[in-house]
Amino acid sequence: MKEIVVTNIVTDAPSLTLSHSPTGSTRGPVTVTVTATVTGSDSGNSLEKLVWLAGSHAAADFAGGTAGTDILASGKFEVAANGTYTVYALDAVGNEAVKEIVVTNIVTDAPSLTLSHSPTGSTRGPVTVTVTAVVTGADSGNSLEKLVWLSGSHTAADFAGGTVGTDILSSGKFEASANGTYTVYARDAAGNEAVKEIAVTNIATDAPSLTLSHSPTGSTRGPVVVTATATVTGADSGNSLEKLVWLAGSHTAADFAGGTAGTDILASGKFEATANGTYTVYARDAVGNESVKEIAITNIATDAPSLTLSHSPTGSTRGPVVVSVTATVTGADSGNSLEKLVWLAGSHTAADFAGGTAGTDILASGKFEATANGTYTVYARDAAGNEAVKEIAVTNIATDAPSLTLSHSPTGSTRGPVTVTVTATVTGADSGNSLEKLVWLAGSHTAADFAGGTAGTDILASGKFEATANGTYTVYARDAVGNESVKEIAITNIATDAPSLTLSHSPTGSTRGPVIVTATATVTGPDSGNSLEKLAWLAGSHTAADFAGGTAGTDITASAKFEAAKNGTYTVYARDAVGNESVKEIAITNIRVSSPSAPVSEPAPSFTIALGPDGGVLLRIAPSMIEKETRKDGTVLEKVALKEEAMNQVLELLKTAAKTVVTVEINDSEDSVSVRFPASSLSEAAAGYPEAVFVTKLNGSSYHLRTKALPLDDLAREMGVELKDLNVVVEMAKVAGEAAEPLKQAAGLQGAKLIGHAIDFQVTASAGDRTTELRSVDGSYSVRSIVLSGDSTSSLLTAVWFDPEARRFQFVPGTIAARSDGKREMTIRVPHNSIYAVVEPGARTFADLNGHWAAGAVERLASRLIVTGVSEDRFAPNDGITRAEFTALLVRSLGLATGEAATGSRFADVGVRDWYAQAVEAAVKAGLVQGVEADRFAPNERITREQMAVMIGQALRLSGATVPAADESRTLADFADAGSISAWARSSVAESVAAGIMNGYPDRTAAPKDFATRAQAVMMLQGFMRYAGLID
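In this text, residue positions in the sequence shown follow the UniProt record's numbering: the first is 1, and each later residue adds one.
Each hint should be verified, as a subset may be incorrect.
[Claimed, not checked] Distance windows between CB atoms, simulated:
#  : residue 1 : residue 2 : range
1  : S541      : S409      : 32 to 42 Å
2  : A908      : R221      : 33 to 43 Å
3  : A461      : G927      : 38 to 48 Å
4  : P417      : A461      : 15 to 25 Å
5  : A545      : E644      : 50 to 60 Å
6  : D458      : G688      : 50 to 60 Å
7  : A641      : A461      : 52 to 62 Å
8  : E722      : A560      : 48 to 58 Å
9  : N940      : P410      : 54 to 64 Å
10 : E722      : R936      : 42 to 52 Å
[To be verified] Below 20 Å or equal to it, Euclidean Cα-Cα: the simulated PhoX-like pairs (lysine-lysine) are:
#  : residue 1 : residue 2
11 : K390      : K367
12 : K243      : K293
13 : K643      : K534
14 : K270      : K243
15 : K659      : K708
16 : K561      : K534
17 : K340      : K367
18 : K270      : K293
19 : K639      : K628
20 : K76       : K99
21 : K464      : K487
22 : K390      : K340
What the hints contain is simulated information worked out from the structure, not anything from laboratory work.
In this text, a Cβ means the ideal position worked out from N, Cα and C, and glycines have one as well.
Let the hints inform the model, and build the full structure from the sequences given.
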């Protein structure tokens, strides 16, 4: 028998040993290691299946090893979660075994964190945050390894595994010193992390927030309500406002002693401030935080507005005075403003203004005009209602005319001169007013006649003047503010007139003689004590000198008569108490004497008409054609009446004459002549010969009558007659005797000497007993001439016309030429009829013209009574000249007549009382000037050079001068600034340049818009007058 050892029967299930690693807490995975041992391995048994399944399983669940995860080769597997895991083993012979392992050490839950803070109510801090951290798997050895915190909101990554942050693993708490989010980080031993945030909001370290406002914010007289709004932090955590108080002034929190100092406003939140200044509010919350805030109150205005009053001018003025008001309110930076600014005349309190509703408002302008001296009160009220008044005394308005007192010495009869003493007193002298002008004129005058004091003789320094003749004298005074006054004095005690002698004889018929001559002698000034002292006669023709003061001749003072025994001339002499002398002759022709009979002759022709040597027609009047008329004053007027017969012969001769000039020549011894022309003949002459001129000549004077200038048809119509019944009468009369006295006085007063006799030229239209004087014939210039007597060779001989109203001579255009008989005559060209004369004026000089380029022209025209200085010895050549002043010069240079007073200008800025009103009126009427606008002349604006040129252009045309034909572009081309000449002035400037009236400057400029100086104006005026033939 053989034994066989059967050893390959294996019935034991494989042996399984399971272990896991790690065994401590882990986040996993856990590696489960399987050790499987089979029996009979030496008999070839082996492990054929080794698999696992999660959970608890029986061998049958593995289906022979086909179910589960194979780990035959590795002998291990990983589990990611706690739980039971079953391993299945199958050997080669089919024995099966299962074994379970429980894994409990995988921890994947993050630590649980619980955060709380204390205290939970409001606190100034710190707040303690307590952290409770619980880990899972503690029974498996898991534990808390990291517990840290960071301020702010963070993720786990921010903690870098617990290396960042403040460790509180031991304490489990930390202190938060400020509100905010805090994050706590926990990590367990398995590495699980957790973060948790806590918001700390109950720490109140911010001071209460204070907002202060006040009402009203605009200016107020007070009080102002200050409203305090206090906000505390942590109110949702129970914080609250515990103190709210205020103190006046600027304070720190310490000044309030925790709220025990100051006025409490916790309940109301507001208080009243009664004065401007700083106010401090203090707030404290429940946790003790304090704050203070200041508010500046500046809008309480209790001060009255400040008023400053001034007036201008401060010196004397005619007014008005402008009172300027400066009103300053307090609190302007807080919105206070001036609401009312009014004034009342007189002294007033604030109550008088009724809150500003009474008085005149000046809020916008800040000024008002005072028209009279006195007290004025200004009232101001600001927006806050504060009121102020202030007074100003205006004392410098002087509207009273200067007071004039005139006296003369001697008061008894005298040959003169009489000294007139003037005392002038002005009002407002204590305000700086003074007397600026004191001048006089002979005659009766208004203030306007003195042209602001530029007319008349200055006596400001002396206060007196000498009157050399009887008459009215007017003194003019003007003070510094322009008030004017005039006062007249009548001088009646100067007896310079020779005694008036009237001689008559009786009988007047033929007698065998003797003839009784009666002398009536009248002296001037008998009421001033003058009387006749001598009355004597001599046979023959004698001068006063022949009577040797009355010691020669036969005295008839007592009888006033004597007997003439034969025909002849007898001279009577009279002398008054003051020494005035006169002589008068009488021709006795009625004493019969025997004489042989004279043959009877044929009557001489009454006139002769022929062509004259000058190419015109000469009509000589024979003495038989002259009718002599003795006037009341004893002068004889020669009257010539030209009949149609003579005029027809004249018209016939004009057909062959070389010139249409008809000269009517009357050579006789008398001093006056009138020539009557039939208007129908003059009209016929004007129609056939439009330029016909009838020249009337009497001895030393002549008058040119231009027929076309006579409005004959109009005159006939106005007088209600037919032309055939109308006559034109030209009269020329020497001014002599008493009529010449005012002229002598005027010459003396103006420092001039009369050369020969003055001639009174008149033209009248007559029809029956109706007569109309033609003072101006259509405004056109006519010629009259005066033969010069004496041997004066002065270059200053000047033609003048006598103004009977002003009793002064005024310049008229005139030139001197030699006549065919060798005598010199002054030819005068003026557009009006009047009394004309030739004078030799005194030479004028001005101290401020020494060496001046215009000295000659200025002094020449000043001597000729055309221009005046600004004072007796000053001309001010470089001062400007106004439009009114140049207009007056031009009117004077042309000899234009001005009215006694202006009648009203079309210009709003030319008043009838302005000194230049008459000149402007005459210039406008003559077409010399226009305004700068339709109703504005701008009289006081300075005149420009081109404006002067335009006026002179008009004057050239008015004077009848030939206006030079000027090529405008060529004439002005030499001026570098020709382009700046205004279009309206270019032709006039060109004409003035072509005529040599206007010159440019050395730099080749015309400077048309430059203001002219007084010197330049006179130079242009002289150039114009010479070019137009108005002066030599």
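Consistency of the hints with the structure:
no., hint, result
1, S541 / S409: 32 to 42 Å, "holds, 41 Å"
2, A908 / R221: 33 to 43 Å, "violated, 50 Å"
3, A461 / G927: 38 to 48 Å, "holds, 43 Å"
4, P417 / A461: 15 to 25 Å, "holds, 18 Å"
5, A545 / E644: 50 to 60 Å, "holds, 51 Å"
6, D458 / G688: 50 to 60 Å, "holds, 56 Å"
7, A641 / A461: 52 to 62 Å, "holds, 58 Å"
8, E722 / A560: 48 to 58 Å, "holds, 54 Å"
9, N940 / P410: 54 to 64 Å, "violated, 45 Å"
10, E722 / R936: 42 to 52 Å, "holds, 48 Å"
11, K390 / K367, "holds, 14 Å"
12, K243 / K293, "holds, 14 Å"
13, K643 / K534, "violated, 50 Å"
14, K270 / K243, "holds, 13 Å"
15, K659 / K708, "holds, 16 Å"
16, K561 / K534, "holds, 13 Å"
17, K340 / K367, "holds, 13 Å"
18, K270 / K293, "holds, 14 Å"
19, K639 / K628, "holds, 6 Å"
20, K76 / K99, "holds, 13 Å"
21, K464 / K487, "holds, 14 Å"
22, K390 / K340, "holds, 14 Å"
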